[in-house]
Structure formats: C-alpha cells, structure tokens
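Numbered per mature numbering (1 follows the signal peptide of the UniProt record, and there is no 0), the sequence shown spans residues -30 to -1, 1 to 237.
Note that these hints are calculated values from the structure, not bench results. Heads up, a few of these hints could be off.
[As the list claims (entries may be wrong)] Label-pair distances were calculated between CB atoms; the ranges are:
| hint | residue 1 | residue 2 | range |
| --- | --- | --- | --- |
| 1 | T116 | I186 | 53 to 63 Å |
| 2 | R134 | L50 | 13 to 23 Å |
| 3 | I182 | L93 | 23 to 33 Å |
| 4 | T43 | T136 | 30 to 40 Å |
For every residue, glycine included, the Cβ atom is placed at its ideal position computed from N, Cα and C.
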Amino acid sequence: MPPSLPVYARRLAAPLLLLALACLPLLAQAAPAAPVPPVPPQLPTLPDVTVGRIGDAPVSVPLQTLLLMTSITLLPSLLLVMTAFTRIMIVLALLRQALGTGQTPSNQVLIGLGLFLTALVMLPVWQKAWDAGLAPYLNGEMDFRTAWQLGTEPLRAFMLAQVRETDLMTFAGLAGHDTYSGPDAVPFPVLVASFVTSELKTAFEIGFLIYIPFVIIDLVVASVLMSMGMMMLSPMLISAPFKILLFILVDGWVLTVGTLAASFNGV
C-alpha cells in the first residue's frame, strides 16, 4: 500500500522550509524611491540681439524676429549684388555660349562652380568681417550697432576696390550728391548700385576677350564651307568640335577660373 498523503507532506515540509529560508534574501527589496520628476529639454541659449530702440523701449522680440526672417529672405539677393558672384556667373555663362555647347555644362554645374569660386574670392573679406564685428559681438564685447559698423567695413572696402569712379559719380548724382568727403561717406545703396554696374561692365569685357578666338574659328569654318559649296550645312555643327579641342588644349577651365580670381582687386 502506498504511504498516505500526510506522510508525503511531512517528508516535503523540511526541504520546502529550507528553500523558503534560502530565498528570503532574494525576496527582500528596498522600499521604492520617490519618482524623479522629468527634466524638460533645455534649448541652447542664443545671443540677445537688440537692433535698436523705439523711444525709450527696446525693439520687441516679434519685431526682431520679423527683421531676422526678412534678412534671411534677402540673403540670395545680397549674394548676387554684394559679392564676386555676379561677375563670375556672367563670365561662365558667356563662356558656355561662346563654346556653342547649348546647356552643357548645365546651370546647376555653373552655379555650383560659381558659388565655390565666390567663396574662395570672398573668404579673406568674410574673415576680416568676422574678426572685426561678428566674433566680438557674439562674445558680448560690443553692441549690435558697433558690430554692424565694424563688420561691414571689409565688405565696403572690397566693393570700393572694384567700383569705377564714373559709375560711383553717376549714382551719386542720382542720389543728389556731387562729391563725398571720403570712402566712408559713400551711402551703402549708392555703393552697392555702383558695384553691380561695375561688375557687369567688367564681366562683359572678360566675356568679349573669351569670345574672340571662338568667333575666329566660326569665321574660318564658315569660309571653308562656303568655298566648298556646302551652304546648307550649319557652320556651328562643324566648328563645335574644334572649339572644344582648342579649349582643352589651352586648359581652358583652369585659365578661365584663374583669370576670374585674379581679376578682383585686393583690399
């Protein structure tokens, strides 16, 4: 006969009691700590820009934000009219037309090359503007008005170095001023307008010099085709390979980029 149930219970009681005593340290836990409140994310601190005052009160934050967004919107226009980008892009566009390659290189390629070349030409000017105005302002060493005046001086000097006197006098007359006491007295709108006009003239002068050898090739090819009686054949179709070959032989891209970079007067 198998042993009764109470006998099995008495035999298992001792091992179960020992197992329970061994597990007591594992079951013992410290009281739960108080929950830590979540820390809200902190935004990085930005410099407090105060662009002026209205009466005795500073310009409000919404108005400062509006001015900042307007400045960001005008950045592409400022890039066009206050840097070397205008001259570089016009020369590159005229070079593509002189080669007769249509849309090759594409506009995206020319704009990319123009942007990087503009950065190389303007880098010394931007470095001076950073050291003179922007860096001290961000470090809290000067106010916004002083930083603006000192930071724009290198840019004014760069534009004045490229401006022709006739263009400057023309726009000065349009602004109602005959002469100025010095470069610092030239108003910024007059200086920018004179700079853009001078850049357009210089760019077309460089483009004219680029066109000359390619026009000669077109004339020679057209004369040969006329003498052979092939008047129905387009001279542009025949001259295009010779233009590209000439451009490759003289290392045209390096020559053009180097000439453009050297055409800007130093500050």
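Hints versus structure:
1. T116 with I186: 53 to 63 Å: Once the Cβ atoms are compared, 56 Å apart, the range 53 to 63 Å for I186 and T116 holds.
2. R134 with L50: 13 to 23 Å: holds, 19 Å
3. I182 with L93: 23 to 33 Å: Taking Cβ atoms as reference, I182 and L93 lie about 32 Å apart, which means the hint holds.
4. T43 with T136: 30 to 40 Å: holds, 33 Å
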